[in-house]
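Top line first, the protein sequences correspond to chains A and B. Counting in the working numbering, the first sequence runs from 4 upward without gaps. Counting in the working numbering, the second sequence runs from 3 upward without gaps.
By construction, these hints were calculated from the structure, which means they are not laboratory data. A virtual CB, placed ideally from N, CA and C, is assigned to each residue, including glycine. Take these hints with a grain of salt, some might be off.
[What the hints assert, rightly or not] Taking lysine-lysine pairs in the DSS-like style, the calculated list, with each CA pair at most 27 Å apart, reads:
| id | chain 1 | residue 1 | chain 2 | residue 2 |
| --- | --- | --- | --- | --- |
| 1 | A | LYS26 | B | LYS105 |
| 2 | B | LYS105 | B | LYS11 |
| 3 | B | LYS12 | B | LYS105 |
| 4 | B | LYS12 | B | LYS66 |
| 5 | B | LYS100 | B | LYS11 |
| 6 | A | LYS26 | A | LYS90 |
| 7 | A | LYS78 | B | LYS11 |
| 8 | B | LYS105 | B | LYS9 |
| 9 | A | LYS78 | A | LYS136 |
| 10 | B | LYS12 | A | LYS136 |
| 11 | A | LYS90 | B | LYS66 |
| 12 | A | LYS78 | A | LYS90 |
[What the hints assert, rightly or not] Residues from chain B that keep clear of chain A, each with C-beta distances beyond 10 Å, as calculated:
| id | residue |
| --- | --- |
| 13 | LEU19 |
| 14 | LEU22 |
| 15 | GLY27 |
| 16 | LEU34 |
| 17 | VAL41 |
| 18 | ASP48 |
| 19 | ASN52 |
| 20 | THR78 |
| 21 | PRO86 |
| 22 | ASP87 |
| 23 | ASP90 |
| 24 | THR94 |
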Amino acid sequence: MPALLNTVTVPTEYVRQQYPSVKAYLEDDYLGQGVLCIAESQLVWTAVSNDSQRQGIAIDYPSLTMHGIVTHDPKYPEEHLVVVVQKSNDDDDDETENPQENGDSARSDSPVEFDSIRTVNYRFVMATSEDLKVAYQTIAECQALHPDPLDDMVEDDEVGSDIDYGEEDENNENGNGNNDDDPYGYNAHFSGSHQQTRGTRFGGHRRGDHADQDDHNSNNPTEEME
Amino acid sequence: MSNLNRKYKKESCRTLLGFLRCLVGQRTQIDLYGGIMLVGTLVDIDVNRNIQLTQVTMSRPIHKPVSFNRLYVRYTNVRYVRIPDDIDVVETIRQDLKQMNPKPNEIVGGGQKKMHVRKGREYERNLPPLRPENY
């Protein structure tokens, strides 16, 4: 079992949960019993040892494809946590290098082109069922803290920049439990076009005939959307 | 937390996130990059589009399938979410938008309803125009 474990440092900051006696498996290899540490920066499992340097696994949340609870598996009688991690191509020694494959295409940058995603299964057997549930939930929460930085590039483009999304009413000062009247302008959108369709169908209004055509959009706040 | 709500509302109106959340409770197939397929019941889709499923079967190429009781999928891995055939997409979107922007007289809540209507008209008058006058 030479290169299955790396030297890792256990995170000390923003540690959400720590579980002392967790058995770990990498695919079908048993890695031993150790400490599972769920921190906001990384998911770390370290084998119990007397060495000053800890051997284990450190998983970054962006490469944590998915995680889940498995209760019935033919090979593992106890219910456990499965963590599926993306493996970059560089780590595989036994596969020949394909010159077409981009080195970082296994990461979330450009997975579409080459479809060269390779994943590995880690399994963690917790001490109790409750630990398992809490661990699952905690990892889910930490995952939500790591959106990719490439997103949110399109923030305030032209479409919708004139729409009022409503105030930040944290203390509910305005007194309405539900949100304000149509902060997105959808009633204006839908009721306006609806009115025009109605007009042309029933012959009540012809487009371009009247100078006050624009008033349609603002005159019908109570128009029913069917 | 209100920041998340705001972001959710914004994303819901601009993208299909609101529609996806309407699929919660349905049994769907989700295709991930790398040939991974998941079949499970949708539990939750959060504002960042991370997906939670229950009673899931994960099939990977070459490997044997794995069954999960609960599964959380990072959004960056999702390629397709297959919509069940019996879902009317446009109608669902309409209902979702309607529910997110209820008219004053449709809000359930009794006394609060009246107060909302009164305030609503005044509030509406004071809102900045949705479009510039010369649009």
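So, going through the hints one by one against the coordinates:
{"no.": "1", "hint": "A:LYS26 to B:LYS105", "verdict": "violated (55 Å)"}
{"no.": "2", "hint": "B:LYS105 to B:LYS11", "verdict": "holds (16 Å)"}
{"no.": "3", "hint": "B:LYS12 to B:LYS105", "verdict": "holds (18 Å)"}
{"no.": "4", "hint": "B:LYS12 to B:LYS66", "verdict": "violated (40 Å)"}
{"no.": "5", "hint": "B:LYS100 to B:LYS11", "verdict": "holds (13 Å)"}
{"no.": "6", "hint": "A:LYS26 to A:LYS90", "verdict": "holds (21 Å)"}
{"no.": "7", "hint": "A:LYS78 to B:LYS11", "verdict": "violated (44 Å)"}
{"no.": "8", "hint": "B:LYS105 to B:LYS9", "verdict": "holds (21 Å)"}
{"no.": "9", "hint": "A:LYS78 to A:LYS136", "verdict": "holds (21 Å)"}
{"no.": "10", "hint": "B:LYS12 to A:LYS136", "verdict": "violated (32 Å)"}
{"no.": "11", "hint": "A:LYS90 to B:LYS66", "verdict": "holds (18 Å)"}
{"no.": "12", "hint": "A:LYS78 to A:LYS90", "verdict": "holds (23 Å)"}
{"no.": "13", "hint": "LEU19", "verdict": "holds (12 Å)"}
{"no.": "14", "hint": "LEU22", "verdict": "holds (16 Å)"}
{"no.": "15", "hint": "GLY27", "verdict": "holds (18 Å)"}
{"no.": "16", "hint": "LEU34", "verdict": "violated (7 Å)"}
{"no.": "17", "hint": "VAL41", "verdict": "holds (13 Å)"}
{"no.": "18", "hint": "ASP48", "verdict": "violated (6 Å)"}
{"no.": "19", "hint": "ASN52", "verdict": "violated (6 Å)"}
{"no.": "20", "hint": "THR78", "verdict": "violated (4 Å)"}
{"no.": "21", "hint": "PRO86", "verdict": "holds (22 Å)"}
{"no.": "22", "hint": "ASP87", "verdict": "holds (24 Å)"}
{"no.": "23", "hint": "ASP90", "verdict": "holds (14 Å)"}
{"no.": "24", "hint": "THR94", "verdict": "holds (14 Å)"}
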